[in-house]
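Listed in order, the protein sequences are those of chains A and B.
According to the numbering used here, numbering within the first sequence proceeds without interruption in unit steps and concludes at 210.
According to the numbering used here, numbering within the second sequence proceeds without interruption in unit steps and concludes at 1205.
Careful, some of the hints might be misleading.
[Said to hold, decoys possible] Per the computed footprint, the stretches of chain B lying under chain A, defined by three or more beta-carbons under 8 Å from a beta-carbon of chain A, are:
hint : region
1    : 1092-1102
2    : 1116-1124
3    : 1184-1193
Because the hints were derived from the structure by calculation, they are not lab data.
Where is the CB? At the ideal position from N, CA and C, for every residue including glycine.
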Amino acid sequence: MSGADDGPVSPSVAGLRARFAGAVRRAVVSCGDTVVYLEPTRAHEVLAWLRDDPSQQFDYLMDITAVEYRDEERPLEVVWQLRSLSRRQDLRLKTELAKDAPLEVDSVYDLWKGADWLEREVFDMFGITFRGHPDLRRILMWETYGEGFPLRKSFPLRGHFNRAEQTRQALAANPEAHYSLEELSIAAAYAELPPEMAQRLARGQRGEVA
Amino acid sequence: MGLSLPVGDAGTEVSTMSPNWVTTRLDFLANWARSNSLWPMPFGTACCAIEFMATAASRFDLARFGMERMSYSPRQADVLICAGRLPFKLAPVIRRIWDQMPQPKWSISMGACASSGGIFDTYAMVQGIDTIIPVDVYVPGCPPRPEGLIYGINLLQKKIKGESLLDADLRQEHLVGPDGLFQPARHIDEVSEPFGNSVHQTRSS
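Chain A on its own, in the form it takes in the complex (with noise of 0.2 Å):
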């Protein structure tokens, strides 16, 4: 699969083949970089494996995201870039959902906390659910949106909703349902708001316009 000025495939491809026969689709090598297909349900054991292995050491999570191709036959992807800083090496993760089943993969957040606002994201923009995560909701579109995953290719450019009825319910929102009382970091002091403050945002709390 890698074509010859693709560059070496990462050494730790070996490590994961010899040890999650199973898991492991492919690998191929793409501008240099070392691209691994995993099995969905055993993405996250060999995550885990990839972060604890002392051979291994990706102790960063770069980025996850998510691809949807204009090929309606492919399935979607989700990636997980990680690096390892001691080591300096790169790896490059996906594993690939098809359409006609819940569109679900294990959450990382307990292998890296920064995965928590990248995961939202993903699910913000593609519907994709990470089972295990503590606070999965909306990040970039408000908690109330209600016109579906914006970056899914089956979405239209302008929504589904007419502008009108976007207006509408854009301006029905609540500002302040965007953040939950520890973002606000008053959490601590919620017995002593003033009734009304502390209504306002307990309402607001899992973003419920009343």
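Start from chain A and add chain B according to the hints.
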């Protein structure tokens, strides 16, 4: 920019001017004061805000026109300057800021995106802030140069100088109606129609 005397009615000739008092119209005096002490509420969301900052800085010096002080509290602001694109997520925010500003108040829509959505004919972008709040002056450009913004502010000052204290309609609050919209739905759909390059937008839509 001193206080100049309005031309008196024909036939009333003042032979000697006392230095201690002047006569003028109340409209003239109020509008003169208002137009030359506009305190802007900067609502900068994108690259237009960079030009807005340049306008306020020493080279272009917005203070020459009485805009010495940026009012970061809407309660003390006179003119809301929306500098940049406005996503739907910010629509309730700018609406609330506008509602918090006391009368008299005006607003300037700075740049193509604030005025029409610009190149962002997408699911996330308000197609012109006049679907959210009333707008007095639109400044075209992407982004407008500081001279353009200053010209827009001068136009606003000219507009204020033509106002009358007796015209109660000018100070009418235009609130969000019971249907949850500031403009009629039909009007919003009409001004949001695709134009220019976005007419040929075919991707998945």
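Hint by hint, here is what the structure shows:
1. With a threshold of 8 Å between beta carbons, the proposed coverage of the region 1092-1102 of chain B by chain A holds, since 4 of its residues qualify and at least three are required.
2. Only residues whose beta carbon comes within less than 8 Å of a beta carbon in chain A count, and the region 1116-1124 of chain B has 4; three or more means the coverage holds.
3. Judged by the Cβ-Cβ criterion of 8 Å, the region 1184-1193 of chain B is covered by chain A as claimed, because 5 of its residues qualify and three suffice.
In summary, this structure violates none of the numbered hints.
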